[in-house]
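If you want the building blocks of each chain, they are given just below.
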Amino acid sequence: MDELARLQELEVTLDGRRVLDGIDLALRPGASIGVVGPNGSGKTTLLRTLATLVRPTGGEAQVLGSDLSKVPDRSVRSRIGLVSHIPGLFEELTLRENLVHFARLTGHPEHVVDKAIDVVGLTRSSDRAVSASSFGMKRRAEIAWLLIAKPVLLLLDEARSGLDGDARQLIDVLSDRTLSAGGAVVSVSHETDGLSTGVSEVHELRAGSLEVLR
Amino acid sequence: MSLWRQSLEVSRVDLLVERRLGDTYRIVLPFAVVAMMIFSLALPSSVTDIGDVGVAVFWAVAILYGMQVALRTSLTETQQRRDTVMLLGLDPAARFAGRSMAAFVLLSAFMGILLVAMILLFSPELPRGWLIATLGAILLASAGLAMLAVLAGEVSAGLRNRSTLAPLIIAPLVVPLVIGASQVLESIARGDGILVWILLLITADLALLTVGVGLAKPLEEASR
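Which chain is which? The protein sequence lines are A and B, in order.
Take the first sequence: its letter number 199 is residue 198 in numbering that gives the first Met the number 0, and every next letter is one higher.
Take the second sequence: its letter number 11 is residue 10 in numbering that gives the first Met the number 0, and every next letter is one higher.
So that you can see chain A by itself, here it is in the shape it has in the complex (with noise of 0.2 Å):
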């Protein structure tokens, strides 16, 4: 596959707004892109499309081979890692919990869960439920799952922001391991501090619409 992910005059439209305006992106394996833009500029929208939950309303949009303009395949939404900037765990249930719930539900064994506890430093509070869990602890569990999961196309939304040094310096991680297997991670932030490292394009999303600013 020589792209996995190509944008083209992508446009979306939430509630009646025209959120994204003629986006063109083209993702390669290995490819680092990070997007920053002021807020509201449709950076998580942006995202969420790349991930297959938005539904573009118009201009084309290839992800992973899979046209988003039709249903994607469920395969397809299991090769992309999305960390959101509110984690999606179940609050009632412990850290470990919810990353055995994942494994079982998409066929990892349960041993796999321990040792990525383990990578990400969750060892001692892997018991703890989610809703007693500082955020940091909740991004580690997110963190935790990619690394088991191993995305081809890993998305970041403000994944660095409110996290201590060793906590960025796994989605520094992540991100590697997803590029050094022939993935691409796209970043978005306000402000370019918040990007991951080893970014190698920045563009900038103002009023819904994209341009390189390196």
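Check before you lean on any hint, since a few could be wrong.
Said to hold, decoys possible - Derived lysine-lysine pairs resembling BS3-like cross-links, with alpha carbons at most 30 Å apart: (1) A:K114 / A:K137; (2) A:K149 / B:K216; (3) A:K114 / A:K149; (4) B:K216 / A:K69; (5) A:K149 / A:K69; (6) A:K149 / A:K137.
Claimed, not checked - A short list of chain B residues far from chain A (calculated; beta carbon distances all over 12 Å): (7) S1; (8) F38; (9) T47; (10) Q67; (11) V154; (12) L172; (13) G190.
In case anyone wonders, no lab produced these hints; they're calculated from the structure.
Quick reminder that beta carbons are idealized off the backbone N, C-alpha and C, glycines included.
Since chain A is already given, all that's left is putting chain B on it; use the hints.
Here is chain B on its own, set in the frame of chain A:
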């Protein structure tokens, strides 16, 4: 991973969450019992034996409060959690089946406890063979209500007013379940056969299962 194993896993986690939260048995159940007591106090003086209305009150309360039990998971689900589950590549049909199974287990136990409460509160005169027939009706009505609630939750997913919309979707569709379940005991008391009501419940359940599994994927896509 097979659809069946995914369904069981979804169901396991839904029940685990319910065990931790205890919404059904610590909040909804006491309210349902209180509602039955209020019914008995509000009856007109022309009703000389409150046992006569016990079964009707039971089904009205069981279905109305059962809706709350069955809708709980769908209505409290956040967008982020929905996104996470979609990106796991979970089969939407497995999600429907798993959630329905969990709601079925909760509803069956909920209605069973409510039945005991009704008997204690109303002391109705129960005909021979009432227990098996009523338990059968409870199981079939629970299965139907569970699937209906999961379906309503999926239809209203992502909508701002979903907590209002979902019960309104259920209300007209629950009619065959209410009629079928409530007529089972009534028919035994009259000495009539109950087969027609059991068949009505089974037909409603099969229809909901078919619609739920068939629409699971289109509904998931409609929400994106």
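Hint check:
| no. | hint | result |
| --- | --- | --- |
| 1 | A:K114 / A:K137 | holds, 17 Å |
| 2 | A:K149 / B:K216 | holds, 25 Å |
| 3 | A:K114 / A:K149 | holds, 14 Å |
| 4 | B:K216 / A:K69 | holds, 12 Å |
| 5 | A:K149 / A:K69 | holds, 25 Å |
| 6 | A:K149 / A:K137 | holds, 18 Å |
| 7 | S1 | violated, 9 Å |
| 8 | F38 | holds, 33 Å |
| 9 | T47 | holds, 48 Å |
| 10 | Q67 | holds, 18 Å |
| 11 | V154 | holds, 17 Å |
| 12 | L172 | holds, 26 Å |
| 13 | G190 | holds, 49 Å |
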